[in-house]
Amino acid sequence: MKTISMKLAAVAFLALAASPAFAGKGGSAGQIKAAIQSGSVDAITAEIERTESLTCSECVQLVTNLLEDNRYSVREVAAWWFAKRPALKDMVATTMLDDLQSGSTIKVRNAADFLGRTMTYTSLPALRATMHRDNLGTDAKLALVRAVSYIGNLGGNEVLTTAMADSDASVRAAAATAWRDILGQTSATPVAGLLTDSDAGVRAAAATVVGGMGHVAAAAQLEVMVVGDADPVARRNAAWALGKLGQQSSRVALAKASTDKSGLVRMVARASLASLK
Amino acid sequence: MKTYMKTIAIGTALLTAAGAGCGGDEDTGPLGNVDSLIVLQRPKRNDMGDIFQYTSYKPKTESGVNARLIKLEPPTADGKQTVICCDQAGAEFANVDISGYDIDFDAKRIVFSGKLSGSTNYGLFILTLADGSVEQVPTDPARDYVSPIFLPGDKIMFTTNSIVEAGARQHRDEYERGTTLQLGRISTDGTGEELGARNLSHRTFPTLMSDGRVMFTQWDHLGGMNAGHLMFVNQDMTNLREGFGKEGTGASNSVLKATEISAGRFVAIATARNRTIQAGALIDVKLGIKKTDGDTVTAAERQSEANATYTDLTPDVPHGNEPSADTVGRYYDAFPLNAKDKPDLVVSWANGPVESSVLGAAGLEADFGVYLLDTKNNQRHPLLDNPEMWDIFPRPLQERAVPGISGSSIDPALNGQTMIGSMDVYQSSLKTFTPSSIYGVRVMEGFSSEEGFPEMFGTTMFEGQANLGVARVQADGSWLATVPSNVPLHVQAVDVFGMSMFSEPVWVSGRKNEARVCGGCHEARDKATIIDPGQTDAFAVGPTPMYGLTPRAQRKSMDFSRDKIMGVAWDKTVQKVFDNNNCLSCHDHNNAAGMQPYTITDPVTGTSVAWTFNLENTPLPAAFAEIGGEAAFTSSYFSIAGPDMEAIEKGGLVVSTCTAANCTSLSYASPEDSRGSKIIKALNPKRQFPTQTNERAFTTTPHQNNNITADEFYQLILNIDMGLNFYARENGPGLNNY
Numbered sequence: 000m001k002t003i004s005m006k007l008a009a010v011a012f013l014a015l016a017a018s019p020a021f022a023g024k025g026g027s028a029g030q031i032k033a034a035i036q037s038g039s040v041d042a043i044t045a046e047i048e049r050t051e052s053l054t055c056s057e058c059v060q061l062v063t064n065l066l067e068d069n070r071y072s073v074r075e076v077a078a079w080w081f082a083k084r085p086a087l088k089d090m091v092a093t094t095m096l097d098d099l100q101s102g103s104t105i106k107v108r109n110a111a112d113f114l115g116r117t118m119t120y121t122s123l124p125a126l127r128a129t130m131h132r133d134n135l136g137t138d139a140k141l142a143l144v145r146a147v148s149y150i151g152n153l154g155g156n157e158v159l160t161t162a163m164a165d166s167d168a169s170v171r172a173a174a175a176t177a178w179r180d181i182l183g184q185t186s187a188t189p190v191a192g193l194l195t196d197s198d199a200g201v202r203a204a205a206a207t208v209v210g211g212m213g214h215v216a217a218a219a220q221l222e223v224m225v226v227g228d229a230d231p232v233a234r235r236n237a238a239w240a241l242g243k244l245g246q247q248s249s250r251v252a253l254a255k256a257s258t259d260k261s262g263l264v265r266m267v268a269r270a271s272l273a274s275l276k
Numbered sequence: 000m001k002t003y004m005k006t007i008a009i010g011t012a013l014l015t016a017a018g019a020g021c022g023g024d025e026d027t028g029p030l031g032n033v034d035s036l037i038v039l040q041r042p043k044r045n046d047m048g049d050i051f052q053y054t055s056y057k058p059k060t061e062s063g064v065n066a067r068l069i070k071l072e073p074p075t076a077d078g079k080q081t082v083i084c085c086d087q088a089g090a091e092f093a094n095v096d097i098s099g100y101d102i103d104f105d106a107k108r109i110v111f112s113g114k115l116s117g118s119t120n121y122g123l124f125i126l127t128l129a130d131g132s133v134e135q136v137p138t139d140p141a142r143d144y145v146s147p148i149f150l151p152g153d154k155i156m157f158t159t160n161s162i163v164e165a166g167a168r169q170h171r172d173e174y175e176r177g178t179t180l181q182l183g184r185i186s187t188d189g190t191g192e193e194l195g196a197r198n199l200s201h202r203t204f205p206t207l208m209s210d211g212r213v214m215f216t217q218w219d220h221l222g223g224m225n226a227g228h229l230m231f232v233n234q235d236m237t238n239l240r241e242g243f244g245k246e247g248t249g250a251s252n253s254v255l256k257a258t259e260i261s262a263g264r265f266v267a268i269a270t271a272r273n274r275t276i277q278a279g280a281l282i283d284v285k286l287g288i289k290k291t292d293g294d295t296v297t298a299a300e301r302q303s304e305a306n307a308t309y310t311d312l313t314p315d316v317p318h319g320n321e322p323s324a325d326t327v328g329r330y331y332d333a334f335p336l337n338a339k340d341k342p343d344l345v346v347s348w349a350n351g352p353v354e355s356s357v358l359g360a361a362g363l364e365a366d367f368g369v370y371l372l373d374t375k376n377n378q379r380h381p382l383l384d385n386p387e388m389w390d391i392f393p394r395p396l397q398e399r400a401v402p403g404i405s406g407s408s409i410d411p412a413l414n415g416q417t418m419i420g421s422m423d424v425y426q427s428s429l430k431t432f433t434p435s436s437i438y439g440v441r442v443m444e445g446f447s448s449e450e451g452f453p454e455m456f457g458t459t460m461f462e463g464q465a466n467l468g469v470a471r472v473q474a475d476g477s478w479l480a481t482v483p484s485n486v487p488l489h490v491q492a493v494d495v496f497g498m499s500m501f502s503e504p505v506w507v508s509g510r511k512n513e514a515r516v517c518g519g520c521h522e523a524r525d526k527a528t529i530i531d532p533g534q535t536d537a538f539a540v541g542p543t544p545m546y547g548l549t550p551r552a553q554r555k556s557m558d559f560s561r562d563k564i565m566g567v568a569w570d571k572t573v574q575k576v577f578d579n580n581n582c583l584s585c586h587d588h589n590n591a592a593g594m595q596p597y598t599i600t601d602p603v604t605g606t607s608v609a610w611t612f613n614l615e616n617t618p619l620p621a622a623f624a625e626i627g628g629e630a631a632f633t634s635s636y637f638s639i640a641g642p643d644m645e646a647i648e649k650g651g652l653v654v655s656t657c658t659a660a661n662c663t664s665l666s667y668a669s670p671e672d673s674r675g676s677k678i679i680k681a682l683n684p685k686r687q688f689p690t691q692t693n694e695r696a697f698t699t700t701p702h703q704n705n706n707i708t709a710d711e712f713y714q715l716i717l718n719i720d721m722g723l724n725f726y727a728r729e730n731g732p733g734l735n736n737y
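The listed protein sequences derive, respectively, from chains B and D. Taking numbering that gives the first Met the number 0, the leading residue of the first sequence gets 0, the next gets one more, and so forth. Taking numbering that gives the first Met the number 0, the leading residue of the second sequence gets 0, the next gets one more, and so forth.
The reader is advised that the hints may include incorrect statements.
[Claimed, not checked] Under the rule of at most 20 Å between Cα atoms (straight-line distance), these lysine to any residue pairs were calculated in the SDA-like manner: (1) D:Lys-57 with B:Gln-184; (2) D:Lys-511 with D:Arg-240; (3) B:Lys-260 with D:Asp-130; (4) D:Lys-59 with D:Ala-262; (5) D:Lys-154 with B:Ser-274; (6) B:Lys-260 with D:Gly-89; (7) B:Lys-276 with D:Ser-186; (8) B:Lys-255 with B:Asp-230; (9) D:Lys-57 with D:Leu-363; (10) D:Lys-341 with D:Ala-262; (11) D:Lys-57 with B:Glu-51; (12) B:Lys-276 with D:Ala-76; (13) B:Lys-260 with D:Leu-363; (14) B:Lys-32 with B:Glu-51; (15) B:Lys-255 with D:Lys-107; (16) B:Lys-260 with D:Lys-59; (17) B:Lys-255 with B:Val-223; (18) B:Lys-106 with B:Asn-64; (19) D:Lys-70 with D:Lys-107; (20) D:Lys-154 with B:Ala-273; (21) B:Lys-106 with B:Asn-134; (22) D:Lys-511 with D:Arg-168; (23) B:Lys-260 with D:Asn-94; (24) B:Lys-32 with D:Ser-186.
[As the list claims (entries may be wrong)] A few chain B residues that face chain D, going by a derived Cβ cut-off under 7 Å, partial list only: (25) Ala-42; (26) Leu-53; (27) Asn-236.
[Said to hold, decoys possible] A short list of chain D residues far from chain B (calculated; beta carbon distances all over 10 Å): (28) Phe-124; (29) Val-136; (30) Asp-139; (31) Arg-274; (32) Asn-377; (33) Asp-410; (34) Ser-666.
Just so you know, the hints here were simulated from the structure itself, not pulled from any lab data. Computed from a predicted structure; not experimentally measured. Glycine included, each C-beta is placed from N, C-alpha and C at the ideal position.
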């Protein structure tokens, strides 16, 4: 539980308690409490959304607690609630930055999710530094990737390149996917190296990125992949990527892939074949 | 407008199926000519409260049953259920979830949206019914593609979060927080994927009409507008037009899953946007004038929103997001079996409180089953209900007529731009203009936080906007402009002082090389708009260029003169007006003007805060955290724009102002209404068009006989008319390096 109640007390205006049972869009602290007690993500989400614009001091601590829920959906909607209250958000962000620096894996996960979802750009240096911590678990790393992906600023690239070299395949795949969605990203070179990753999910994600970003230099590796990868999703993504790259050199590989045993691959390969320059 | 059917208690709704269509014999009821129904079965869930939720993934029930398509043959309660997809399709489909589907015109293929695993996205697949084979349609593997429908000419339309504009991020919905869905289409052989122009929020549930147009639900959010309306486009996603729900015709906050009953008539779900599990009441909408021919009722003639009416087919079912009562429940979707005045429908319905919060708190999920609904007698006959599944989208497996192909003329000479305009801007069903009062039409583009902004652009709940320019209205009322394609656009009629006279209350957009020329300014929609090149003065003059080929990242300007200004970043423009014109000598924190404060009080605790007019570029005090918005917002912004009124209103706070002349007002500007804004009236702006002069807009004496320049006035006016935001691209925090 965050210990920010003292800071929040300084926000004198938040002493304005929400007395009506159905204030805001029908929401109230009591209903949030009941939803939390039910344990239902859907009930919690609905009640948090209902208090979107509600001035409600009782809600603050309740929603703050939800920032440490084990379920991402709950943390996400709680962060959104704070994002609608920017000054409060900035206060919570301060404590989250502390957690990035020295918190446990779970603390870092929660902090990264908060900072990312609230588009706290100023946290990017801290997110970068945290990615280099050597004692972080997968949950924290995935959250760091998720945060920079949501923020979408080039300042998050270092987080992603670090994650691409992580020992956990899910982190590498997430980083590859996020790379393409950073505003102003111009080169897929860091992702191309993952086309030969040992994990099929990583290879599939990398294929999509190099295809989507038009990284022609990856065509040869994709041609190998589209006919030889053991994983049908990776072959499918390679076929799609080759279509995006449109290189004549891919014709043979795509022709072969158009008779692939998997229904995931055949039409994708045929369509890519038709799109070659 | 609204003609309720008589309310009849449906009872438990678990009436026997006797007489409800036993299959094979056309005398046995409305399903008599239907050999079989296709039904989508999805494991029950509760994470689809919002009508635009499309990423829910739950492939199996607790007992391990997959999401699947089944055939019910004959379509009776004791009919045989056969799984047609995707047990046979291979190991790749072992964990597939299916969100929607459509049957081809010849009833030989089904296109469905499926997600193979938690780490993949929803893609499109074609099932060939003859052999059960399934092939994936090539779509971007990192994006979701849902709600597919077949189009004539071997094409498939879908909605997707894939992005039509290279280098841009897809718009994010500010409330339900999803990446927005837009329209697209692709050939059934997987070639030729095209993505439509973007709305600022979601577009969902496309449906093909017999006249060849596509109807879909569009979320309209522009300032105070927050509703899901039905819109039309041609099959090539051009010629966007209103369908139903605006101009006071709406049955509810949102109308979705429209399905045509007959020409100009359709059944749809009327509901609220959130917590309703995408379910609600059934309404029978007639877009045009009702015409009866035997048992068939149509409404094809004079279709327009203004002429539209609707009948509530299930009057007990809530149109809002309150929990539905026992035996009343909510409808997930409906398919018409005939076009009688009171049509027979095959529907998906769930009993009880179909509301995600209530269900979630109780640890329950809605249990949608398939029923035959006799709307004349309000009788619901059960056909199929797997208690572990949502049994949804029941559709007869039978051939259907292929509509014609609808498309619009595309002009390659536009070189990738979109051309917009009006034949006569004075023709409007929403506003009466004084002849010759409109100088031009201002065009603005919209964007959301995905471009690098916090959740709120200001306290007024408007999206980010950039001014693209003003196209002069010609003598015959016509105007034209070339603008960027595929982006949400907003238009305003402006006077010679640059002030908005009327804001079109929606975002519109056009595809590359599309010419979108309307009859007027939200003109009567049942009037044909036939453009004859050369017919209008604007065609003769040529369109006003408005950055049609300028990349998004470059559509900003630090030259704030009238013809160059794009975004109006508060701290970089409006603040400078105050700073440059000695406003702070009276209106800083020392309050030399002697303004009296207003107070905001919580009636429960008695706590209050006071605010006095202050035009300094200083951060807001912490006490205003909740109602003042972003920490970056300044005293001057808060003074002019005022607090977050929704927070005040919804929080039950009490605002106390005095009435003397020196009392601080809660705000000094009204979004999109510079002419009606106190600050503009007081300062009395100078003429802008066609050339800037010292002529004033009002006969009153300008406050302090100010000599604010015409450019500065335009900055103030434009900021207000573009929603009174603090942020613009020119001061977007996400565009910095960190």
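Going down the list of hints, with the structure as the test:
A distance of roughly 33 Å separates the Cα atoms of Lys-57 of chain D and Gln-184 of chain B; the hinted pair therefore is violated under the 20 Å criterion. Taking the CA atoms of Lys-511 of chain D and Arg-240 of chain D, the gap is near 17 Å; set against the 20 Å cutoff, the hint holds. For a cut-off of 20 Å, the pair hint linking Lys-260 of chain B to Asp-130 of chain D stands: about 15 Å separates their Cα positions. In summary, the hint linking Lys-59 of chain D to Ala-262 of chain D is not supported, as the alpha carbons are separated by about 39 Å, beyond the 20 Å threshold.
For the given pair, Lys-154 of chain D sits about 17 Å from Ser-274 of chain B by alpha-carbon distance, which is consistent with the 20 Å threshold. Distance hint between Lys-260 of chain B and Gly-89 of chain D is fulfilled; the C-alpha atoms sit about 10 Å from each other, no more than 20 Å. Simply put, Lys-276 of chain B and Ser-186 of chain D have alpha-carbon atoms about 19 Å apart, close enough for the 20 Å limit, and the pair holds. Proposed proximity of Lys-255 of chain B and Asp-230 of chain B is supported: the alpha carbons are some 16 Å apart, at most 20 Å.
Taking the CA atoms of Lys-57 of chain D and Leu-363 of chain D, the gap is near 15 Å; set against the 20 Å cutoff, the hint holds. With a C-alpha separation of about 15 Å, the suggested pairing of Lys-341 of chain D with Ala-262 of chain D holds against the 20 Å cut-off. Restraint check for Lys-57 of chain D and Glu-51 of chain B: not satisfied, since their Cα atoms lie roughly 28 Å apart, outside the 20 Å limit. With a C-alpha separation of about 54 Å, the suggested pair Lys-276 of chain B and Ala-76 of chain D falls outside the 20 Å cut-off, and the hint is violated.
Note on Lys-260 of chain B and Leu-363 of chain D: the hinted pairing is violated, with a Cα-Cα distance of about 41 Å set against a maximum of 20 Å. Restraint check for Lys-32 of chain B and Glu-51 of chain B: the C-alpha separation of about 16 Å stays at or below 20 Å, so the hint holds. Only pairs whose Cα atoms come within 20 Å are accepted, and Lys-255 of chain B paired with Lys-107 of chain D is rejected, the gap being roughly 27 Å. This hinted pair does not check out: Lys-260 of chain B and Lys-59 of chain D have alpha carbons roughly 25 Å apart, beyond 20 Å.
For the hint linking Lys-255 of chain B to Val-223 of chain B, the alpha-carbon distance of about 11 Å falls within 20 Å, and the restraint holds. Straight-line distance between C-alpha atoms of Lys-106 of chain B and Asn-64 of chain B comes to about 12 Å, which keeps the hinted pair within the 20 Å bound. Taken as a hint, the Lys-70 of chain D and Lys-107 of chain D pair is honoured in the structure, with Cα atoms around 13 Å apart against an allowance of 20 Å. The straight-line distance between the Cα atoms of Lys-154 of chain D and Ala-273 of chain B is roughly 16 Å, inside the 20 Å bound, and the hint therefore holds.
Taking the CA atoms of Lys-106 of chain B and Asn-134 of chain B, the gap is about 12 Å. The hint holds against a cut of 20 Å. At roughly 18 Å between alpha-carbon atoms, Lys-511 of chain D and Arg-168 of chain D fall within 20 Å of each other, so this suggested pair holds. Annotation: proposed proximity of Lys-260 of chain B to Asn-94 of chain D holds, straight-line Cα distance about 19 Å (limit 20 Å). In summary, the hint linking Lys-32 of chain B to Ser-186 of chain D is not supported, as the alpha carbons are separated by about 50 Å, beyond the 20 Å threshold.
Checking Ala-42 of chain B against chain D: minimum C-beta separation of about 4 Å stays under 7 Å; hint holds. At a threshold of 7 Å, the smallest CB-CB gap from Leu-53 of chain B to chain D is about 6 Å, leaving the interface hint in force. Interface restraint check: Asn-236 of chain B against chain D, minimum CB-CB distance 5 Å, threshold 7 Å, status holds. Against chain B, the non-interface label of Phe-124 of chain D is violated: not every CB pair exceeds 10 Å, the least being about 8 Å.
With 10 Å as the threshold on Cβ separation, the claim that Val-136 of chain D sits away from chain B is violated: the shortest Cβ distance comes to roughly 6 Å. Not every CB of chain B lies more than 10 Å from the CB of Asp-139 of chain D, the least distance being 7 Å, so the non-interface label is violated. The Cβ of Arg-274 of chain D does not lie farther than 10 Å from every Cβ of chain B; its closest approach is about 5 Å, which violates its non-interface assignment. Asn-377 of chain D, annotated as away from the interface, keeps every beta carbon of chain B farther than 10 Å; the closest lies near 29 Å.
Interface exclusion of Asp-410 of chain D from chain B stands, the closest Cβ pair being 25 Å apart, more than 10 Å. With 10 Å as the threshold on Cβ separation, the claim that Ser-666 of chain D sits away from chain B holds: the shortest Cβ distance comes to roughly 17 Å.
Going through the hint list in order, the structure does not satisfy hints 1, 4, 11, 12, 13, 15, 16, 24, 28, 29, 30 and 31.
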